[in-house]
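First to last, the sequence lines map onto chains A and B.
Read in order, the letters of the first sequence are residues 3 to 337 in the working numbering.
Read in order, the letters of the second sequence are residues 5 to 331 in the working numbering.
Keep in mind the hints are simulated off the structure, nothing from the lab.
Just so we're clear, the structure is a prediction, and the values are computed from it rather than from any experiment.
Among the hints, erroneous ones may be present.
Said to hold, decoys possible - Covered stretches of chain B (chain A as the covering partner; in silico rule of three or more C-beta atoms under 8 Å from a C-beta of chain A): (1) 171-182; (2) 259-271; (3) 297-306.
We treat Cβ as the ideally placed atom computed from N, Cα and C, and that holds for glycine.
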Amino acid sequence: MARFIIRRLLQMVGVVFILSLLLFFWLRSLPGGTVSAILGERATPETRAALTKALGLDQPVWVQYAKFLGRALRGDFGASTKVLPGADALDIFFSRFPATIELSFFSLAIAVVLAIPLGYVSARRANGVLDSGLVIASLVGVAVPVFFLAFLLKYQLAVEHNVFPVSGRQDSLGCTRVTNFFVLDGLLTREFDCSVSALKHLVLPSIALATIPFAVIYRITRASVIEVLGEDYVRTAESKGLTARVIRGRHVLRNALLPVVTTIGLQTGGLLAGAVLTETVFNFGGIGSALADAFRNRDYAVLQVLILAAAVIYVVINLLVDIAYAVIDPRVRTR
Amino acid sequence: MSPTNPMNRRKDRIDDLAATAGGTDTLVREAGTVDEKPGVSLIASAWKRLRRNPVFLLGAVITLLFVVLALFSPFIAPNDPAAAPLIDQVRQQTNPIPGPQPGFPLGGDNAGRDFLSRLLVGSQQTLIVGVFATVFGLAGGMSLGILAGAFGGWVDALVMRIVDVLLSIPSLLLAFSIAALASRPSQLTVIIAVAAVQVPIFARLLRGSMLAQRHSDHVLAARALGVSERAVVFRHMLPNSLGPLIVQSTLVLATSIIDAAALSFLGLGNPDDRRPEWGAMLGSAQQFIYDNPHLAVYPALCIIVVALGFTLMGESLREALDPKSRR
Chain A
3 MARFIIRRLL QMVGVVFILS LLLFFWLRSL PGGTVSAILG ERATPETRAA LTKALGLDQP
63 VWVQYAKFLG RALRGDFGAS TKVLPGADAL DIFFSRFPAT IELSFFSLAI AVVLAIPLGY
123 VSARRANGVL DSGLVIASLV GVAVPVFFLA FLLKYQLAVE HNVFPVSGRQ DSLGCTRVTN
183 FFVLDGLLTR EFDCSVSALK HLVLPSIALA TIPFAVIYRI TRASVIEVLG EDYVRTAESK
243 GLTARVIRGR HVLRNALLPV VTTIGLQTGG LLAGAVLTET VFNFGGIGSA LADAFRNRDY
303 AVLQVLILAA AVIYVVINLL VDIAYAVIDP RVRTR
Chain B
5 MSPTNPMNRR KDRIDDLAAT AGGTDTLVRE AGTVDEKPGV SLIASAWKRL RRNPVFLLGA
65 VITLLFVVLA LFSPFIAPND PAAAPLIDQV RQQTNPIPGP QPGFPLGGDN AGRDFLSRLL
125 VGSQQTLIVG VFATVFGLAG GMSLGILAGA FGGWVDALVM RIVDVLLSIP SLLLAFSIAA
185 LASRPSQLTV IIAVAAVQVP IFARLLRGSM LAQRHSDHVL AARALGVSER AVVFRHMLPN
245 SLGPLIVQST LVLATSIIDA AALSFLGLGN PDDRRPEWGA MLGSAQQFIY DNPHLAVYPA
305 LCIIVVALGF TLMGESLREA LDPKSRR
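With the rest of the complex left out, here is chain B:
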């Protein structure tokens, strides 16, 4: 940790992560001279270390299982998650939740739908929330980051002031505020709210690593060869900045699923529950939690395992891409 400029620490931390991109290219060059090979790509050398890392493998297996489940759950699920075969067992006053029975190993939910099927199919919407929130956050953050990092000057100053203001609101609070503003809450508003939080973080990350490269040798060389400004930005600076963005994206997949659950809990989530989603299932289970804790526990466990999988992958990727830990 450098004690240099005692400015806002949250920015510094993001910038620290961004700096790992600048460092990698010198290290790749070193590896090339030692091995006397034409050079090992960043991805190849990271993969070499990741392949033997049990933490990464565990995370990758969890993630893979999750994706496979999301793809095939409609075929595995014994019942239609939107149909209500147990509706005649739901007694509003005495017994709102049908218990386990033949054909319905986990019983039903408060609308008489098969809980196991909803849990299985819920993986689909959960994956969609995670992936789209990450993609939206990445797209927004990258556009701002490229604007700031490529142009510099007043564009940079303007973009970064906006980013700083967004960073001055605690992140989850920003997601709550945005979701609360939606006049008609839906899956899309949830995704946007969760993604918006990530935009300033991605923007700062990308801008940091692009600035670090502006005066590096390979960019100077490209400029000297007369490569157009657009190609310098997109072919030379951007690809070298992707490392930290990939790491951050993996971690964001986890946080966006958890944040979406928090939104549902506060009543800011998607009110349409025909297509189940774990966060929404967990959030809406709160009213039955004392008599039927299993309605909350199962979706919560699914979220925890999947979030853990993404986090394990992200953390080991960060280690693999960090020049400090490459030896």
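Only chain A is shown next, with the shape it has when bound in the complex:
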């Protein structure tokens, strides 16, 4: 197990290194770069040259990369040029990170808590009314653009009917900040109204972000349970007269959930991309909206940090999924 984890960690370092290389050369090789983005189109050639020099953009690309890598290994990814001019790019990531984690966590929780039981029930009554309805709903769910759904929810439940707040992460209640996970902070400092407010702000963006993972996890659960229900060991368990609960827990779900765990891991990558859209609609102030700003303004330092971080998070989650896999499935452990 330890060897397996170490090997995967080394692989991860390799992927991230190649990605940083690709990203760096690619970003630098494009026209209309940082200088135009900072100064605008009408800057004089002199000011442009001065800024190019100040940013070190006049040196050969590979020299720039070596410098970038050296600094990056020390945790210095350069300063933001446009999103928050002058701010450290890595600091932007860390200050925005808790918001996105909170949002992703709740979305994934909603998706998993709904999708697995519904997928199981659906499979048990395959081709019934509920099953057909849910399958159609899951197909429609994938076809709806995420940001449109977010708008629809915001328009109906926040603007027209004042059920949930329109935007932001929390009402201004003067809450104490500990971890910047607002729900957790409220619990830690016993300012429960802060937690409640943060939760209310989370409802709509979480639902919008949860639709696609819900649809995907639901369909995998359904297909996988249908497959397992046809297995001989389930029939054996039934004919042995085991209780329905034991069969469901020990024979069906334990086996059927293997591919589901994989899918949940895969969906986390999609959550990050979806967060770019959802956070923009709800003005949520996480990594997603920072990315959207960085895209619009071509803020290379911020883009680099955020894309690399997204890749690292994605790879780490995949590693965790593989470890979870080994825990659920004893056959993997023996290798």
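Model the placement of chain B on the given structure of chain A, informed by the hints.
What follows is chain B alone, placed relative to chain A:
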């Protein structure tokens, strides 16, 4: 699901799909021995089941209607989608969107153009985005996949490392990054950004199913008969790998239209709106959404219906081509 190698799951899932190609050829052979016919082609046997599948038929009807609309919309549309007959009704401060009126059943947009005509003609550019994104993604992915699958060895290792790195970025994020890098955004940059996301997926899919065939009987037989390496790859391995690629392409048609809409929403889409496109219409409607939600709702509904059509077709194709579901 095999618990074999606990490596990256996204790759495994793509490879699982790829494996369906290898499986089909044995099944076709089985069907041939049972029926004592010379053999039923993959497409013929899939078509036999698809013809009676209501899900597939619904998807096919939606797709057909969409294509017909795209072809004939300029003749159906009551007005020129680029002309602005209602421009004198647009009041920047008080009423930016002209309402419905005789001759303009859905009213106008913020530039005084006929909204219904734009919606109808929008099908054209939407189809173009979907088809070209899929074709570009397929072409890129197939070239890489053939390189890796046909040569093997270090070529395979190199190509697949690049593919793995691309797969390590969440897909939509990759599309955003590429679109953000375009110095002059246009319809073409949108298509390229959306297509690039599909390249590693197609590459892995094709390489997987070609590798699965490298040591299969029909390839060995061809080699033993002295068929040239090029013919083995293009005449024997490639045609047998097409099943999963077709399925994936149908699904990509849907995702690329949706992704293009997301790009427009983030301001990374095609800024030239003389030729309407549903995704761009939906993306740009956000600033008027509170007072005029219909500007967003109609293009969104069109996208949802068309994406659903492609998805229904793709999913039922996948089922029809999957050896596990053939009984």
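Hint by hint, here is what the structure shows:
{"no.": "1", "hint": "171-182", "result": "holds (count 8)"}
{"no.": "2", "hint": "259-271", "result": "holds (count 6)"}
{"no.": "3", "hint": "297-306", "result": "holds (count 3)"}
In this structure, none of the earlier numbered hints is contradicted; all agree with it.
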